[in-house]
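Chemist: The residues making up each chain are set out below.
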Amino acid sequence: MKAMLSGFAAIVIIGVGAYFTLESLGFSSQEVYSSPNARVD
Amino acid sequence: MLRHLMALLTLTLLALPMTAPAQTDPTSEAPIAGTSVDDSPATSTGRQTLEDILARQRGEDPANPVRSHDLGGDALQAPGMGPLGASSDSDIWRQIRFNDGDIRNSTLNPNGDVLIQTGGMWWEELRKGPLRTYGGWLLLGTIAVLAVFYLIRGRIRIDGGKTGTLVLRFKFVERMAHWVLAGSFILLGFTGLFTLFGRKYLIPAFGHEFNSVLLTGSKFIHNNVSWAFMIALAMVFVMWVWHNIPDKTDIIWFKQAGGIIGNKHPPARKFNAGQKIIFWSVIVLGVSVSASGISLLFPFELPLFSHSFDVLNGWGVPGWFGFDALPVNLAPQEEMQFAQLWHAIVAFLMMAVILGHIYIGTLGMEGAYDAMGSGLVDENWAHQHHSLWLEHLQEEKPGKIRPDPAE
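Residue numbers (our numbering), protein chains in the order written: chain A, 1 to 41; chain B, 1 to 407.
In isolation and in its complexed conformation, chain A is listed as follows (with noise of 0.2 angstroms):
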């Protein structure tokens, strides 16, 4: 149970990570095909 609940507590670690890892690094659809002149937020 330890390792399932473990193993669950990863994939919320891991998935968070991945997010804000490619965000920083400007992969996101809306950092890639953005122009200057185009307010998505």
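I should point out that these hints are in silico values taken from the structure, not numbers from a laboratory.
For glycine and all other residues, C-beta sits at the position ideal for the given N, C-alpha and C.
Don't take each hint at face value.
List of simulated lysine to aspartate or glutamate pairs, EDC-like, C-alpha gap at most 20 angstroms [as the list claims (entries may be wrong)]:
| hint | chain 1 | residue 1 | chain 2 | residue 2 |
| --- | --- | --- | --- | --- |
| 1 | A | Lys2 | B | Asp404 |
| 2 | B | Lys264 | B | Glu366 |
| 3 | A | Lys2 | B | Asp370 |
| 4 | B | Lys219 | A | Glu31 |
| 5 | A | Lys2 | B | Glu391 |
| 6 | B | Lys171 | B | Glu391 |
| 7 | B | Lys264 | B | Asp159 |
| 8 | B | Lys264 | B | Glu391 |
| 9 | B | Lys219 | A | Glu23 |
Which chain B residues stay away from chain A? Per the calculated CB distances, all over 12 angstroms, these [claimed, not checked]:
| hint | residue |
| --- | --- |
| 10 | Glu51 |
| 11 | Leu108 |
| 12 | Trp122 |
| 13 | Arg132 |
| 14 | Leu146 |
| 15 | Arg175 |
| 16 | Val213 |
| 17 | Leu215 |
| 18 | Asp250 |
| 19 | Trp253 |
| 20 | Ile278 |
| 21 | Leu326 |
| 22 | Glu334 |
| 23 | His357 |
| 24 | Trp389 |
Assemble the complex: chain A is given as a structure, and chain B must be docked to it using the hints.
Modeler: Frame of chain A; chain B shown alone:
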């Protein structure tokens, strides 16, 4: 004289409704001024025919060439006519549809100026038709087969009951990697199914607002949880690949149908032939679904199919099945469409395999869940399902066998 004129006017007004059906009734055979009721010479008028529409939906070039050439010519540049020049809206939309317009937009995506992708109609039809139908029935059919099997065979029990002696089957890191893979796969599976079936089933049942929120969340989860799936896939591959190399014990396992049918328990090492099938299915399908998934995560950056089709054509694979050569000059949007279809097809196959795995690991076999729960299985269970592995442990690693402290 005036009375005669009034009578003539009255008769004319009364007669007007009788002539109207000739102009508005589509079944009327009387021609309408300025148009043709005959479709056959449509090419001469530039009107598209039903066949043109159907051909375009099949992804073919319309038979009527005039339509694609009727883009307004120099009318757009006609001086003193405003932004559209002398072009009509129809000219503009035809330019957009046939990718011949001077499209300007604010996206930096080089493919963003394709506003209407006629060549994608086949993909849309396939996605909302056969993909949903066959994929859905595959999953429901698998569940039905497992339910029938359970009713016929029942739960596979441990012969002689539990001994009270436990054997360490999987270490913590193995179990954790398994649960990362399992948990992420379930999340990916459900969010993928919501995305594919939401428009058809969730909107009619729960409304647009619900579907919108659900799919926005599904996309977020699907994109970000995918990394955990790929990491865990690599981990289980490294940890278990040597135990899953086929050997001669697998032949005996197959001959005895894995002991599932009947009461024999064929000898097996750490993984029996059935588990090896699951392992290699997960690895092969998992790598494939990951590759197409990465291609979709970074749109237009990592095209897979043009090159793959070229290689397959070189080997003559389509000819083996009586098909023509696969297309290799794919538009960027088509690359994404092939990636989406492949991603979904492989995912459906994987879900069907995993449903069988979940069944045998929980409901179908007594004691199987403990292997991934606590990591400790009963010695009798180990003897019946992995006798060669148990013998190896008894001789080489007896420390992994100990009494159950709960007994």
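Chemist: Does Glu23 of chain A lie within 20 angstroms of Lys219 of chain B when you go C-alpha to C-alpha?
Modeler: Holds - the C-alpha atoms of Glu23 of chain A and Lys219 of chain B are around 15 angstroms apart, at most 20 angstroms.
Chemist: Determine whether the non-interface label on Trp253 of chain B survives the test: each CB of chain A must be over 12 angstroms from its CB.
Modeler: Holds, because the least Cβ-Cβ distance between Trp253 of chain B and chain A comes to about 27 angstroms, which exceeds 12 angstroms.
Chemist: Given the proposed pairing of Lys2 of chain A with Asp404 of chain B, does the C-alpha separation stay at or below 20 angstroms?
Modeler: Holds, because 18 angstroms separates the two Cα atoms, which is no more than 20 angstroms.
Chemist: Lys264 of chain B and Glu391 of chain B were given as a pair; does the straight-line alpha-carbon distance stay at or below 20 angstroms?
Modeler: Judged against 20 angstroms, a Cα distance of about 18 angstroms means the pair holds.
Chemist: Checking the smallest CB distance to chain A, is Asp250 of chain B really beyond 12 angstroms?
Modeler: The claim holds: Asp250 of chain B sits with its nearest Cβ about 28 angstroms from chain A, beyond 12 angstroms.
Chemist: For Leu146 of chain B, is the shortest beta carbon distance to chain A beyond 12 angstroms?
Modeler: holds (22 angstroms)
Chemist: Decide if the proposed pair is consistent with the structure: Lys2 of chain A and Glu391 of chain B, CA atoms, cutoff 20 angstroms inclusive.
Modeler: violated (28 angstroms)
Chemist: CA of Lys264 of chain B to CA of Glu366 of chain B, is that 20 angstroms or under?
Modeler: Since the Cα atoms of Lys264 of chain B and Glu366 of chain B sit roughly 16 angstroms apart, the hinted pair holds (cutoff 20 angstroms).
Chemist: Is the claim that Leu108 of chain B lies outside the interface with chain A correct, judged by CB distances over 12 angstroms?
Modeler: violated (5 angstroms)
Chemist: Non-interface claim for Glu334 of chain B: all C-beta distances to chain A beyond 12 angstroms?
Modeler: holds (19 angstroms)
Chemist: Is the Cβ of Val213 of chain B more than 12 angstroms away from each Cβ in chain A?
Modeler: The assertion about Val213 of chain B holds, with a minimum of 18 angstroms to chain A.
Chemist: Between Lys171 of chain B and Glu391 of chain B, does the CA-CA distance stay at or below 20 angstroms?
Modeler: Holds: Lys171 of chain B and Glu391 of chain B sit about 18 angstroms apart, inside 20 angstroms.
Checked against the numbered hints given earlier, the structure breaks hints 5, 11, 15 and satisfies all the rest.
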